[in-house]
Amino acid sequence: MSHSVLLSILLLAPFFGFLFNGLRFKSKNVQVAGVVGTAMVGISFICSVLLFSQLASLPEAERSLRAEYWNWLNVAGLQIPLAFVVDQLSAVMILVITGIGTLIHLFSIGYMSHDERPSKYFSYLNFFVFNMLLLVLGDNLVLMFFGWEGVGLASYLLIGFWFTDKEKAAAGMKAFVTNRIGDAGFLIGLFLLFGEFGSIVFETLNAQAPTVQDMSWNSNLTLACIALFIGACGKSAQIPLYVWLPDAMAGPTPVSALIHAATMVTAGVYMICRLSNIFIAAPNALFIVAIIGALTLLMAASIGLTQWDIKKVLAYSTVSQLGYMFLAVGVGAFNAAMFHLVTHAFFKALMFLGSGSVIHAMHEEQDIRKMGGLKKHMPVTHWTFVAGWLAIIGTPLFSGFMSKDEILWMSWHSPLGSWYLWLMGVAGAGMTAFYMTRLMALTFWGESRVPSDVHPHESPTSMTLPLIVLGVLSVFGGFLGIPHVLGKILPGHPPNFFEHWLDPRLANIPGLAQANITMEWIGIAISVTTAAVGAILAYRFYIIRKDLPEKVTSKIKGLYELVYNKYWVDEFYFGRIINPIVEMSKGLWMYIDVNFIDKITYWTSDMVKGAGSSVRSMQSGNIQQYALLILLGVVVVIFAVVMG
Amino acid sequence: MGLLSLIVFLPLLFAVIIALMPSDKTVRLSSLVFATLHFVISLGLLFKFDSSSAAIQLAEQIPWIPEIGVTYFVGIDGLSLWLVILSTFLTPLIILGSWESITKRVKFFHLNLFLLQTAMLGSFLALDAILFYVFFELSLVPMYFIVGIWGGARRIYATMKFFIFTMAGSVLMLLGIIYLIFQVDAQGGALSANVLDFYRLNIPFIANDFLNPQTLLFFAFAIAFAIKVPMFPVHTWLPDAHVEAPTAGSVVLAAVMLKMGTYGFLRFVIPMFPDAAAHWAWLFMLLGVVGIIYGALVAMVQPDMKKLVAYSSVSHMGYVIIGLFALNAYGVTGGVYQMLNHGISTGGLFLLVGMIYDRTHSREIVKYGGLAKILPIYTILFFIITFSSIAVPMTNGFVGEFLILLGTFQANPVYGIFAATGVVFGAVYMLWMCKKIFFGTEGELMNQTKGVLKDLSLREIVVMAPLVVMVFWMGLFPDHFLNWSKPSLDYLVNNRENYELTLKDANQNSQTKTALIVEKDEEEGETL
Amino acid sequence: MDVQFNALREPILILPLIILFIASVIPITLKMLRGNRELKPFAAVIWGFFGLLGASGTTFAVISNMLRESQEPFITAFSGAIVIDGMGIWISYLIYFLGAITLLLSYDHIAVRGKQFSEYLFLTLNSIIGMVLVVMSNDLMITFIAIEFMSLALYVIIALSRERTLSKEASFKYFVLGSFASAIFLFGISFVYGSVGSTSIPVITSNAVDLFNSNKLFVIGLLMIVVGFAFKISVFPFHAWTPDVYQGAATPVTTLMSTAVKAASFLAFLRIFTSANFFRLEDLDFLNVMQWLAILTMTVGNVAALKQTNLKRMLAYSSIAHSGYMMVGIISAGFGENFDSGATGLLFYIFAYSLMTVGTFALVALFEKKETTILNIDGLKGLSLKAPLVALSFAILLLSLAGIPPTLGFFSKFYLFSAAMDQGFIWLSLWGVINSVISVYYYLKPVVYMYMSEDQPNEIQTRLVFTKATLVASAVFIVVFGILSASLFRVVQKSVITGL
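Protein chains in written order, with the working numbering: chain F, 1 to 644; chain H, 1001 to 1528; chain Y, 2001 to 2500.
These are calculated hints, taken from the structure and not from any lab test.
We put the beta carbon where it would ideally sit given N, CA and C, even for glycine.
Check before you lean on any hint, since a few could be wrong.
Cut-off 16 Å, straight-line C-alpha distance, at most; resulting in silico cross-link-like pairs (EDC-like, lysine to aspartate or glutamate) [said to hold, decoys possible]:
hint	chain 1	residue 1	chain 2	residue 2
1	F	Lys586	H	Glu1442
2	F	Lys166	H	Glu1442
3	H	Lys1435	F	Asp606
4	H	Lys1373	F	Asp165
5	H	Lys1436	F	Glu167
6	Y	Lys2369	Y	Glu2459
7	Y	Lys2386	Y	Glu2459
8	H	Lys1436	F	Asp165
9	H	Lys1435	F	Asp165
10	Y	Lys2307	F	Asp606
Computed footprint of chain F on chain H; a stretch qualifies when at least three of its residues, placed anywhere within it, have a C-beta under 8 Å from a C-beta of chain F [claimed, not checked]:
hint	segment
11	1145–1155
12	1290–1304
13	1321–1333
14	1421–1433
Construct all of the structure, not just a fragment, from the sequences and the given hints.
See below:
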């Protein structure tokens, strides 16, 4: 099949699923809805694989399949075709989206089996996949924005899926509005780029990107990149716009896995990689990206240390891992960022689904203080979760290790990197190991704290199957992109397939020195040690010496409170920004509209009416007065003309 | 009688016919049939209109008051085409939408609706300034009655405010028009109120002096249209009028009447006073931006659904203004598109608010809640229109907002950045309302009306369906619509400094020289 | 036929007045012959109609023919004491027409159709004779006499209603103040005569420019003449009698006063400006005074009307405001370069205003069941439900008075302000349009009551066929002549420029 047909099917299958389930939104039949929904994404996955193989069979320089459908807009030299491109970068993304998407749809059939509105759920989920595909396939910024907003919309609908709960509806709105702040940034960046380059097509933009680095802070290029990064911050939950993601856990757990871990939240990373030539030309903007990424990863990881809600821990972990990706992007390691994106998609989707399995088994209980010892009740969930755990904490040779290590190394090694960025990354790795081990310990290990009326049980096959597949990927996925140093000692010296695949699409870091192998090994050693320390500490805290957490937290009570309350950021936003704006708006309404503009009009009309009254008082009915008025009139008229 | 005159005066004929009808039921039914027929006829424009030309087409010119150079002169070009179709498209929906909510004085209501239709179409098609003014002012009268008779509790206050505000602005324009009529005479033509003659005038402009003819004329016209749009700070009549108006009134007001203001900018202010428009563009962009943000912020804190939508109109129309005053192809095109979008989305929102109001007789947001569970179809439609209103891509709203912001960025990035914040605020107030109404636990009103509250009837779905179709059609295929207007818009943007329109002779398919001034009887025979 | 040397020429020119006079004495004579028994009102009205028809018919068939054949824009008679020109002829048509309408309204009206209808008819027709004479006069003395003739008859018919003390008071006020104004007018004439040596208007105007700059006595005299007119046409501050008198007089009489009297006075006022050079003076003070009189008049009229609760009083103030607008016409005719456009605007406005006013007072008359009925604006509430046609007609008239297109009221303002703008009176026009915005408020108030309230209205007398017909017909004409205003405008313009 030709690539344009495949692309059409790829996009239209989930769209059809959306319509199919959307139009029968009242149906409660989870089987029909789920099977159709899953099948549609499955079809997309098959198309993705076929497209990937088509792409791979092309010579490296020509690996780009483009299909154009119609001209969306054509105004005064600005042509925006509805065109989609499969190239090395988007091929990776569509595989991840549809592959993991299929698994998560499958998982959802079991997970949503008791829900009242399964059709609506699968409809939204398909809608999300459709938009995500749009986002990654669009050949220009506007089409990407289509998907960009579309996934935000799907996310909004799915977070608020159980809308009768006010909190959940509020979380959906928070997500959408925060995303919109980013979207405004995205648009601003888009307009600035268009002003600068006269195009919004990725290929043209990357081709026209200046080869000389633009070192100024206020050039259009730097500002455009910063604006686009603000967009990425919104979608990918970075400081200061990360606040929506933890709340987004209000949605059904598979949604968290698909949207808020594996795919949508990585859109920002993808976008920057798409425009890598542009960003690399603006090192100042990249610096901001790196520093924000590093700060986010630290901040989120530290919050993750203290949370009790299983999904919240995973959510902050996601924010933190996204921080890693931005750190990578910020130091110019687009490759590493994309690689971490993929491995993170594997293990984080796995862990979210695992947590879903747990929550399902625990009858919607999410507090890990009420869990423990689940290992024996749900072995598959446990063991797959272990795979994810090992991956994320950076156990050597597991997928997370491969990608994260690449990032840490590049943050040190790249001319755009520096020691403090590296140090922050390493510190983050330690914390990651701690909070993930803590999660494992409290949920699966130790003795059971499950309330007596809850009888946890292993989930059905439709739910465990995706877990197993993802577990395998989490373990072995890393071998797609083996770091160079590792490749050298591994049998057969496997090359970094991933890097090799993506390289033609991504910008090179200017002035990147030859790698110092010793340093790289030292780096690996330090990070692995740190992670190990973190993990062991957590094990000791939550399995061996259970009194310790209490003691430690009471010692550093102030700090603990600060972190436990997420640095009061939400409170700050609400108290210092949102509420003042709302109050101000009320003030604007009352003082400007009601009391100023309208008052002026009333005042004018009152004045006119007042003049009317005074004229009326002149009208006494008294004839002498009238005569006097006439006389006065005569005198004034004569005086004005004759004397004036 | 040409097609355009037919389109303008057919509603008047309908009004006369229904005035003679006996029962309310026949009045409703025949009004619907008439309005639909009218829409179908207006679609004929698409067949007769040559979309590759920027010239005035299908023109009809008959002397009217030759002594002062006033003619009955109608014509259409890319600027007015879609506005005409928008108004004819919405009228059947409005009639169907008011089917059950208007119960008293049914005949007089439809009569006013048709009279209003004539006035609106007339102002979009008139190419004689006095003719335009006549229609422009005439439109106040039926709207005055619609708000005043079928409106809410404070309807009289609102309708008076509406009438006096808008009239206060437009009288200055009348003086401006009169001045221009004599200018045509002074500059070598005969007395003429022909807009095409106005374009050719050379009106002195001095940049640093406020009291020069072009600036004064610019403001005389601009104030009239600014009030109509309405722009901040002369917008306060709008929330009152909207809140008190019956659904039909709100829809017509928002969807079509406000466009008479923005259309005025496009047809009169920008091409006639190019220097002043360019010189004062900053002011209008500033007020537009303030309107966007101010309208959105104030909308955010409204307790009344209709008032919220009304303030959102202020915000949306701010976009149109900055688009037009960006004075580049993107901005102007976006502005024109946004006019249509606003017609669809805000019209749709008012219809939807009206539908729920008919059921519960309350528009207080806090009294609602959990509606999504009770009225699923209503919820879906409401959300679709909301997404259009907050400019989600693939809906019509996005196209307009995107182009406007693009144009604004090219004109002045600072305004562009501030205008872009409207993207956020727009989402805030609309979703805030949606959250309160549809989500959460069932509200006070829902408990009171439990079991009685019914989802949309087939009639109501039929009312909304065309709007939903338009939302996506216009969002996915903007070129289907813009292609018709493109020559006119491009011409306007590129030749703003010496704008001149020609008449296109439909029969010979050739460009004829414009608008000869009909002065004496012997020339009356000539048709243009 | 050379009419110039025809011995009958001069009597023929005043033949309409003679016919009118004969018609006016017939009913009263018949009454006398029948032993002081009142005629049937219908019969009396028929006689009046004969008179009016005869007068206008003669004007149409004979006088306008004479004017046309003379090849001049005007003809004079009685040693130049009277002048016949196009403007005069059209205004006299209007006056005859308004007279006829007044008779129709009077026939229906309770206040005047009582025992003295013959006398009433006699006085009304004689007042009309006075008005036509005012229109024709070409000499200040004739103008003075004609005004007195017109006014004396009015003083009596205002007082004629027996049951209403208000009408007596109104008559008395009008009489005293009118005499005062006449005295000023006469004083002015004597000053002018003293400085020019003639009372002939053409003589005065041809010497005006020189005298204005050299002779203060002349200026003062002239201003006093202006004041005399200003009183008759209720220009501020000489307007104070208007509301009281309009309210006090029986409604048909009010109709006549606010339309025909005004039309006649305005034309006489305009006559002083006939000579194109007359006021093209360097003297800006004079222009300013005139402008301020216009602006103050419209403003005072409008703002005072805002506060009125009595419909008739409101209409009185509205009438004052419209005098202010018409002053704009006087100014642009007299001070601009183009007399014709100003005069055309003014004349058109007079036509339009008369038509609208007749209708509005007809509505008032519809409500007057007893002589003492006082119609407040809220008495109209719910009218649209009870009498839709009446309400609609009145609404149209009010919108027209407010100047909303496409009514005659809008076009008359358009022509008037066009003339002013043409002469460069932008400031004056601005005040004019601002005032029309203010006026919208009170003109729409009755509409609110009629349409937006569902209470029971005061009772109206649907059996008053003529009154109702007048109301409806004027509304129809307002719209039809609004849209087709060009034809009317053309006629008026032609009459101003070429005589006919």
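Checked hints:
| no. | hint | result |
| --- | --- | --- |
| 1 | F/Lys586 with H/Glu1442 | violated, 26 Å |
| 2 | F/Lys166 with H/Glu1442 | holds, 10 Å |
| 3 | H/Lys1435 with F/Asp606 | violated, 41 Å |
| 4 | H/Lys1373 with F/Asp165 | holds, 12 Å |
| 5 | H/Lys1436 with F/Glu167 | holds, 12 Å |
| 6 | Y/Lys2369 with Y/Glu2459 | holds, 8 Å |
| 7 | Y/Lys2386 with Y/Glu2459 | holds, 9 Å |
| 8 | H/Lys1436 with F/Asp165 | holds, 12 Å |
| 9 | H/Lys1435 with F/Asp165 | holds, 11 Å |
| 10 | Y/Lys2307 with F/Asp606 | holds, 11 Å |
| 11 | 1145–1155 | violated (count 0) |
| 12 | 1290–1304 | holds (count 6) |
| 13 | 1321–1333 | holds (count 4) |
| 14 | 1421–1433 | holds (count 7) |
Checked against the numbered hints listed earlier, the structure breaks hints 1, 3 and 11; every other hint is satisfied.
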